[in-house]
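Given the coordinates of chain X, assemble chain B onto it according to the supplied hints.
For the record, the sequence lines run as chains X and B. Taking the numbering used here, the leading residue of the first sequence gets 1, the next gets one more, and so forth. Taking the numbering used here, the leading residue of the second sequence gets 1, the next gets one more, and so forth.
What the hints contain is simulated information worked out from the structure, not anything from laboratory work. All of these numbers come straight from a predicted model, not from anything done at the bench. Every residue, glycine too, gets a C-beta built ideally from N, C-alpha and C. One thing to keep in mind: the hints can contain errors.
Label-pair restraints from in silico Cβ distances [said to hold, decoys possible]:
(1) X:D7 x B:R593: 47 to 57 Å
(2) X:P119 x B:A599: 21 to 31 Å
(3) B:E511 x X:R94: 55 to 65 Å
(4) B:R494 x X:E128: 53 to 63 Å
(5) X:E128 x B:S330: 23 to 33 Å
(6) X:Q126 x B:A400: 34 to 44 Å
(7) X:D7 x B:R494: 46 to 56 Å
(8) B:Q111 x X:R94: 30 to 40 Å
(9) B:R384 x X:R94: 46 to 56 Å
(10) B:E511 x X:D120: 42 to 52 Å
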Amino acid sequence: MDTIQNDPLSILIVGVGGQGTILASRILAGVVLRKGYDVKVSEIHGMAQRGGSVVTQVRFGSKVASPIIAQGQADIILGFEKLETLRWLPYARRNATVLYNTQSINPMPVVTGAAVYPPDAEDRIQSEFPQAVPIDALSLAQKCGAAKAVNVVLLGLLSRFLSIEEDVWLDILRETVPERLLDVNNAAFQAGRNGLLV
Amino acid sequence: MKVLMTGNEAIARGAWEAGVVVCTAYPGTPSTEIIENAATYKEMDSEWSPNEKVALEVGLGAAVAGGRTLVAMKHVGVNVAADPLFTLSYTGVNAGLVLISADDPGMHSSQDEQDNRHYGRAAKIPVLEPSDSQECLDYVKLALTLSEEYDTPVMLRMTTRVSHSQSLVSPGNRQEISLRDYSKNPSKYIMLPGHARLRHPIVEERLKKLAAYAETSPLNRTEEPERSEDQERLEGTRRVGVITNGITYQYAREVLDENVSLLKLGMTYPLPRQLISDFIQSVDECYIIEELDSFIEDQIRAWGFSVYGKELFPTVGELLPETIASCVPSLLKPSLRRDFTAASRGPDSESANTEDRAPVQHVGRPPVLCPGCPHRAVFYVLNRLKLTVSGDIGCYTLGALPPLNAMDTTICMGASIGVALGMEKARGRDFARNLVAVIGDSTFVHSGITALIDVVYNKGTTTTLILDNSTTGMTGHQENPATGVTVRGEVTTRIDLPMLVRAVGVNRVVEVDPFDLDRFTDVLKREMAAEEPSVIIVKRPCVLVRPAPARSQVSAQPPVSVNSALCTGCAQCLRLGCPCLVKDEPEPGAKIRKVSVDASQCIGCGLCVSLCRPQAIVRKEG
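Extracted from the complex, chain X is given alone in its bound form (with noise of 0.2 Å):
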């Protein structure tokens, strides 16, 4: 078991309802577990998940109390959609690594035109936290053959921010996804973890 910067590490991944985010906090918590740290993951299912606002925390360290993640007290947010990076800021520290996908996802307000879809949301994320980091994850995905895969794009991009070896990322994708799916996964990680589109 590494030392990490803050013990325990928390790290909170929001997006859409369907966007795989709990798949992506599933492998993440199994790379860590790998790596001999304590491990809790909070999911929420049922209405919230039909294509609402989803949020996962996976915290990790010598010793975890709390699966949930207090306001301010995130150090990593992955964001899988730029309104709900902006929304959830308010859950990360000061100096934490905020990194988003670039996609839109319009709400339903934003659908039946209640409400605007905020032109300014990638401005305002980069105002709170000039070093966040952009990368159009749907695209990379699409290049890799699935645009399903999108969660693992974000996790390769994640894997860069965290001191774990690549080799154990690899093994608990291949130990999490359907066998047929394998390579266009691996392709989706590696595009995240290299091809940052900054």
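This is chain B only, laid out in the frame that chain X set:
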């Protein structure tokens, strides 16, 4: 080897290890995965029951017959099962019976946030509250032992965060336990008044014994700060104690200073009076930190102790770590104090993590019906006809949200038909001509059928739509008696809904595909006009249902597209509330906002194609 498990997985594992032979449940978030996991262990006979009352009755029968039993449901399910529960308390069990009540503080997926520990007290049965997955596994085993030792059902109360959080568990092996002897015992199992009068004192005596057990039970433990090194510093400072339970214990551990003494109650009913009073007397001030109601606190105050509780902590919603932190900033870990005390120090204070970044209200993202969902067509039509809609519990409750706005009431499982009948009784036949009850297939079997019998028996004319999507959707696609498959994947007799409905006396029964908008609308108008009860079975499978040929059929369709030249911007299609249809910004110089399709989400169901008058939305060829 330690493995990651959700609380729900750990409950199923614990039951299996403890030799449980029968598991019953009705699906309901956050409890659903308990039985889904239990069903993967072949030694246990697991079932989806038609409702929670039946689940507990089957469980009761299994336990009385001598087999260890697990019964699981969400908090509101216990309302349905309350009738057998209270009498089961009197009869006691034979082999152990554990009732899992999965409560939902914060109402992530529920219509209320009732605190089911009150049921334990009202039914006079013990209540255990685990705080992580290992405790889920350990407590379910211990609960079965207690159940047999004290001849009582045991409630194991979970909350959403315990059910759906994963933490490390050390799984063990299964202990095979032979069935306990069964013999006829009328004075114990036939609750005639004369027998019940004999049982009640036994129940009261049992509670006293359980309270005595709680004094020394490993379920309740104190965690004292390590005083050795800091002993001197501690002398003279006020000693603080916190009494807590369930997930709140983990939050308290997370945010509170290590010098705080904790009393963790794994058993919250009955409470250990001596243990608690010793703890309170060992500290200078004592806080009770519990989510939802002041259940522990009320009992402690009734004993005459002065403690801090709900005057500091909210009764409403989840008691999150940040909420605890902001309620008792002086008790926090030094590293957190700065982050959570900014509010009290005013806007000019030194920077803090949360408070100077006041939460901005962003446009919300309410849940929506999935692309291709059969319910969308139903609620589109109900909205267009401006009907009064008595709704029910399921995915289709989302038909209440904009732009569909097609629901007037949603109360509890099965309420739609009875509520519609009541409306008709109060406001008369004319009102009922524009009134429908809407209920899902699984919900109808759960508890809608009895209200339909009421409609027939008491001469109502209610029109009931049974939305038959061939699954239990909202909880994640569970089988039910109308799907013809069991939780273990075995094919079984499938309830014939039209035949069932006719059998209770409904003469007007029609099946219709909601995607045939014209026919559906005609049928609806005709049946609402009829002077007798009717049932419209609105039949189309859930787009996510698996394994279903329907899914491959539907998803085989390519996404639709908009011929921009033909789109007039009438926005009729946007009334469907489909997340795939996007209102574009007007082209330069134009006022009209045309519509385009998000091809990454669209599954080509074609509903928008059928109502696009300018025929701008088209199916892509090949």
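Structure versus earlier hints - violations, ascending order: none
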